[in-house]
Each structure stands twice: as structure tokens, then as C-alpha cells.
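Fit chain E to the given chain D structure using the hints.
There are 2 protein chains.
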Amino acid sequence: MSDQKSCSCQANLSNFAVVLCEPRYPENIGACARCCKNMGISRLIVIRPENPDWEKMSKLATHEAVDLLENMQTFDDLRTALAGFNYVVGTTARTGRQRRTTIRIKEVASDLAALSNNNQIAILFGSENWGLNNDAISLCHTVVTIPTSDFSSINLAQSVMVICYEIFTAMAANSVVASKLANTAELEGMYGHIKDFFAEIDFLNPENPDYWLLNTRRLFSRVRLTSLEVRVIRGFCRKALWKLKGASKK
Amino acid sequence: MSDQKSCSCQANLSNFAVVLCEPRYPENIGACARCCKNMGISRLIVIRPENPDWEKMSKLATHEAVDLLENMQTFDDLRTALAGFNYVVGTTARTGRQRRTTIRIKEVASDLAALSNNNQIAILFGSENWGLNNDAISLCHTVVTIPTSDFSSINLAQSVMVICYEIFTAMAANSVVASKLANTAELEGMYGHIKDFFAEIDFLNPENPDYWLLNTRRLFSRVRLTSLEVRVIRGFCRKALWKLKGASKK
Chain D
261 MSDQKSCSCQ ANLSNFAVVL CEPRYPENIG ACARCCKNMG ISRLIVIRPE NPDWEKMSKL
321 ATHEAVDLLE NMQTFDDLRT ALAGFNYVVG TTARTGRQRR TTIRIKEVAS DLAALSNNNQ
381 IAILFGSENW GLNNDAISLC HTVVTIPTSD FSSINLAQSV MVICYEIFTA MAANSVVASK
441 LANTAELEGM YGHIKDFFAE IDFLNPENPD YWLLNTRRLF SRVRLTSLEV RVIRGFCRKA
501 LWKLKGASKK
Chain E
261 MSDQKSCSCQ ANLSNFAVVL CEPRYPENIG ACARCCKNMG ISRLIVIRPE NPDWEKMSKL
321 ATHEAVDLLE NMQTFDDLRT ALAGFNYVVG TTARTGRQRR TTIRIKEVAS DLAALSNNNQ
381 IAILFGSENW GLNNDAISLC HTVVTIPTSD FSSINLAQSV MVICYEIFTA MAANSVVASK
441 LANTAELEGM YGHIKDFFAE IDFLNPENPD YWLLNTRRLF SRVRLTSLEV RVIRGFCRKA
501 LWKLKGASKK
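First to last, the protein sequences are chains D and E.
Under this note's numbering, read the first sequence as residues 261 to 510, first letter to last.
Under this note's numbering, read the second sequence as residues 261 to 510, first letter to last.
Hint data in this document are derived by calculation from the structure and do not stem from the laboratory.
One or more of the hints may lead you astray.
The list makes no distinction among identical chains, and a pair is therefore deemed to hold if it is satisfied within one copy or across any two copies.
What the hints assert, rightly or not - Simulated crosslink set (SDA-like; lysine to any residue; CA at most 25 Å straight-line): (1) Lys499 with Glu467; (2) Lys319 with Ala353; (3) Lys455 with Ser481; (4) Lys319 with Ser412; (5) Lys455 with Ile493; (6) Lys319 with Phe411.
As the structure is a computational prediction, the values presented were derived from the model and not from experiment.
Bound-form chain D, shown alone:
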């Protein structure tokens, strides 16, 4: 019943970069580029990629995200890559001993969004096999995790997607406009109309005439009708009543 806006959001993630540490598969690098593009992140950095095959990367990136690959920076050394960043976020599925305390991304996303107003933030992802090593973890200001069911090994690009999605939505956390609902006068007019209709088809119990009306009210309360919808329902009742009364006169 409506004309719809696009659901694309404006959120400025220009101070974020995704950093892939020793990624093994070019397909994953390409898929990460696409995720970044979906979530408005334009900086992709790779550290010692095992096989940065252009064909394989760009196929998964799709045409739309190929600019991220073209502008992708490659470093041999993580410290050098991170030099200009003010805040470094590690990601891990592992939370065993010798590891840092981790926090769920959902709990820190809005904090990261706020931090990014004044700071360059790098989000580090480890290799498909081993995750981030302890040296990389030691460079992180915080380490975040994605909660999972028993099977905790999430594909690299999927991890990038969830982390970037949480930050993007926290950044975008903008006001949603609710639709304008029918007012009480409109609703009561409609219920009056429905009552006439129910009476005409003998749908009211003489011993408890309000029973179905009350149920109808409860049902429509759950719908949160708009003014337009109330007019449509009244139009329907009018039509049905007209037909019933016309028919019975024959």
C-alpha cells in the first residue's frame, strides 16, 4: 500500500579499514571486498596474502566492489600497516587461555562508531586456518568475537560481514519514521460500520451482542491501522451492506 524508500543508509565509515592478516584464499579476499562495499567501508588492507590471484578475487568482489581491490594496500609487516591507526580491533573465535578477554561485537559496535568520529580504526581478521597470532593480538586495543552455536568456525568473509554490519548499523542508528495511524474517531466510525454489517448477516449473538465486536476490536488493535486502511475497510462494509440490502429487497 505504499511507496517505498530505498533501504540504503547513509553512514560515514571512512575512518574504518578492514585488515586481513595472511589470508589464504583469493576468493575470500574478493568476498571481503564485496562485504566492505555493502557496508560502506572503502579501505581494505592485506598482510602477506598467500595467493592474491586477480581473477579469483575480482570474481567474488563483483564488478561493484572491484575498486576496493584496485585500491587495496598490501604490506609485509602488520606494525607498518597499522602505524597510522588510532584504534585497533582484533577479531577472534578463540577465547582459550593465553588469549585476551573478548567482548561481543554487538556490545561495542556503537562505541566503535562513536570513536571513529575522531579516530582511524583498523579491524583485524586472522587467516582462515589460524586466526590472529599472539603478536597481532598484542597490537589490539580490544578483541571482539561473534557468538556462535557449537560450531564456531565462521568463514572469513562471513566474519567480516557480521562485524562490519554491526558497526554500520550502529553508525546508521538513525530515526525510523513510523507511519501515521488512524485516530480514535476514524476507528470508532469503522467499528460502527462493522457492527451494522455483523447485524445484517446475523453475526451478533443476541445474548451477548458485543462478543464478536470486542474480538474484532482486539484483532484490529494488533494491526495498527492507518487512516487509509480504515477508509478501505469502511468502503468494504458499505459495499457489502448495499449488496445485502439490495438483494433482500428483490
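Just chain E, lined up with the frame of chain D:
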């Protein structure tokens, strides 16, 4: 440095199923299976997959999620696949005209989590090229979207990941019990009855007979009818039809 705990959460998503409508690429089916496994969803259903190549699917699923592929159900017809489900969630990136109002997954995840305590919930994903068609959308109680930056085309498995992740984390966070809803078979029976009724009172536009029916579907989707309510509405239609036909014979 070894013995690692997983950060796995306990959340029961046994009443959720992921339904892929006409997926093109076996790699995406496999990747979706892995996402489901990460997020504790054990039912994967495919409708008319273009090329369900086992090797390609199972490689992306990884050994850990191959059981989802083994138990995957395949259907030719979406209505048949959905018959036993009480609540159907569509997913879309498209929000152009003629499309339903969409809501962001983050806003409904905890509601879906609560509903799933008493109801079987299907989450529908369209094909990589076209998304869900209008017929599939008409079967949905609600349509959710993942907000993005300007580039809104998210890879199929990435969409499955984000949607399931939001539901999983919401499940892990709440424990509200919702009421038992009517299933798709009951609803479709009711819509058939309503159509007869509309036809009888000339409420269908001959040039676009589905117009009011589609609007009626949208309205009732928002109400989330119970089985009892569906029976009451059908009783009402029967009564009205009986009255109308009786009257017209006089």
C-alpha cells in the same frame, strides 16, 4: 597455549528453517549450510535448486556442516514446502514500488525469537539474480531487510549469515513465549474463503482481481492470526456467503 574454550552460546533455534528459493550456485548452498550450522539452525530447505552439485556444495559447507546438506529437503513447490510453518519471513534487498514495506532485521529479531517458542518459522531467501518473486512475497507474514550502504547487493550466504546471526543473538538474549499461530495451509484456506466472499459482493476489480486480496493478505499478516481466529473468520465468511446467496434467490 592450547586448550581453548569456544565462546559458543546456547540458544534453541530448532523451530527455524532457512528456505532457499531457486538458488543458482551450489557453492552458495554449501556456504548457507555452514552459516546455519554456525548459528544453530539445523533445517535447510531448497526450492528448485539450479545445480545442487554435491562436491561443490559440501566443499563450502565444510565437514562440520555437511549433515545439513545430507538432511536438506528439496521441493518443487514453495507452498508445499511452507505448509507446516506458522510464520514466514521474507528477505529482500529491493524496496521499489509494488513491494511490501520492509523492516530491518535488527528491529524484529527478538520478536522472531519469541515467536519461535511456539511456532515453526521459515526464513525465505530468493535467488541470487532476482530475489524473491511476488508470489513468494505474498506468502510472507513479514519482509525483512539488511540495511546497506549504496551497494545493496549482498551475497546470498552473507544475507543468510546476518539474518541468522541477528536471530541467534536475540534468542540467546531473551526467553519470551509467544502464542501459537495459524499455519500456512490454514491461512491459504481462509484466503480462498475471503476471495469467494469478495467475489460475491463484487469487491474484486475485474482488471486487477488480486488487488484487494493482496491488501487483505498484508493486513492479516500484520495481525498474526491464531488457528482459532482463522476458524472464526472462515465462519464469518460462510455466514455472509450463505446470507448473500440465500438473499439473491428470493
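Each hint tested on the structure:
| no. | hint | in the structure |
| --- | --- | --- |
| 1 | Lys499 with Glu467 | between (28 Å within a copy, 18 Å between copies) |
| 2 | Lys319 with Ala353 | between (27 Å within a copy, 21 Å between copies) |
| 3 | Lys455 with Ser481 | both (16 Å within a copy, 23 Å between copies) |
| 4 | Lys319 with Ser412 | between (27 Å within a copy, 17 Å between copies) |
| 5 | Lys455 with Ile493 | both (12 Å within a copy, 15 Å between copies) |
| 6 | Lys319 with Phe411 | between (28 Å within a copy, 16 Å between copies) |
The structure shown violates none of the earlier numbered hints.
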